[in-house]
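Q: Chains as they are written, first to last, in the working numbering: chain B, 2 to 111; chain R, 79 to 187.
I should point out that these hints are in silico values taken from the structure, not numbers from a laboratory. Each hint should be verified, as a subset may be incorrect.
Stated by the list, open to error - Okay, the calculated beta carbon distance ranges per label pair:
id : chain 1 : residue 1 : chain 2 : residue 2 : range
1  : B       : G17       : R       : K137      : 42 to 48 Å
2  : R       : E87       : B       : G85       : 38 to 44 Å
3  : B       : E54       : R       : P158      : 41 to 47 Å
4  : R       : K137      : B       : A3        : 18 to 24 Å
5  : R       : R90       : B       : G85       : 28 to 34 Å
6  : R       : G94       : B       : Q18       : 47 to 53 Å
7  : B       : A3        : R       : E138      : 20 to 26 Å
To be verified - Reference listing, derived: stretches of chain R covered by chain B, where coverage requires no fewer than 3 residues with Cβ under 8 Å from a Cβ of chain B:
id : region
8  : 108-114
9  : 123-131
10 : 164-172
11 : 177-186
Since the model is a prediction, treat every value here as computed from it, not as a measurement. Glycine is no exception: its CB is placed at the ideal position from the N, C-alpha and C atoms.
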Amino acid sequence: DAGVTQSPTHLIKTRGQQVTLRCSPKSGHDTVSWYQQALGQGPQFIFQYYEEEERQRGNFPDRFSGHQFPNYSSELNVNALLLGDSALYLCASSLGAEQYFGPGTRLTVT
Amino acid sequence: EDQVTQSPEALRLQEGESSSLNCSYTVSGLRGLFWYRQDPGKGPEFLFTLYSAGEEKEKERLKATLTKKESFLHITAPKPEDSATYLCAAGGATNKLIFGTGTLLAVQP
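Start from the sequences and build out the full structure, keeping to the hints where you can.
A: In structure tokens form, the structure reads like this:
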């Protein structure tokens, strides 16, 4: 049974550019959440998608947007990248309360 | 405001030296307390969920317990392969997880 997968593994972008990160949930899971983890910190909640709708959002600006597809996979889009957006971006899928994380995408903004 | 605090920030143990990690939380309508293990550069790996005060869960050398204000992760006779960052997260009335900053555990042979 495949777990949560994310692509790409690593990404280097320049300030002002836009980026799209992708996530495929664990088989049978219908909810996808996205988190940002800065070095030495715990993950910070960005938003959660269920039934193709954004169900909950954390304290992140509108530059961060997302989408969920009918097959439950999801994308995270970040516009107008800032140096401070450099972090590990984590996707988690769930069916109930327990969230299972993917390996993450390391984004570096230069 | 919902908050999760972990202590200590870092812990160095000798192989076989048991200890405990602490997670204190202030969350409205706690729906679950979660423990994860994270290796460098990787995503968090799910360990335990605790739902009510007094509940305990065990897995190999790890045991998690929950009170109304705190959770503890007890590590019995740790091995070097237990070295990792241990994250605690609380699920409240909303659907998001609120994480602490983690405890970096190093177990020396």
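Q: All hints, please: hold or fail.
A: Structure-based check of each hint:
At about 46 Å, the beta-carbon gap between G17 of chain B and K137 of chain R stays in the expected band of 42 to 48 Å. The beta-carbon spacing between E87 of chain R and G85 of chain B, approximately 22 Å, falls outside the hinted interval of 38 to 44 Å. Checked against the given bound of 41 to 47 Å, the beta carbons of E54 of chain B and P158 of chain R, roughly 45 Å apart, stay inside it. Distance hint check: the CB atoms of K137 of chain R and A3 of chain B are about 22 Å apart, consistent with the given range 18 to 24 Å.
In this structure the supplied range 28 to 34 Å holds for R90 of chain R paired with G85 of chain B, their Cβ-Cβ distance being about 31 Å. Judged by the Cβ atoms, the range 47 to 53 Å given for G94 of chain R and Q18 of chain B holds: they are separated by roughly 50 Å. Taken as a hint, the range 20 to 26 Å holds for the pair A3 of chain B and E138 of chain R, whose Cβ atoms sit roughly 24 Å apart. Counting residues of the region 108-114 of chain R whose beta carbon lies closer than 8 Å to any beta carbon of chain B gives 4, which reaches the threshold of three, so the coverage claim holds.
Counting residues of the region 123-131 of chain R whose beta carbon lies closer than 8 Å to any beta carbon of chain B gives 3, which reaches the threshold of three, so the coverage claim holds. For the region 164-172 of chain R, the stated coverage by chain B is satisfied: 4 residues place a CB nearer than 8 Å to a CB of that chain, which reaches the threshold of 3. Counting residues of the region 177-186 of chain R whose C-beta sits closer than 8 Å to any C-beta of chain B gives 4, which meets the bar of three, so the coverage hint holds.
In terms of the numbered hints stated before, the structure departs from hint 2 and from no other.
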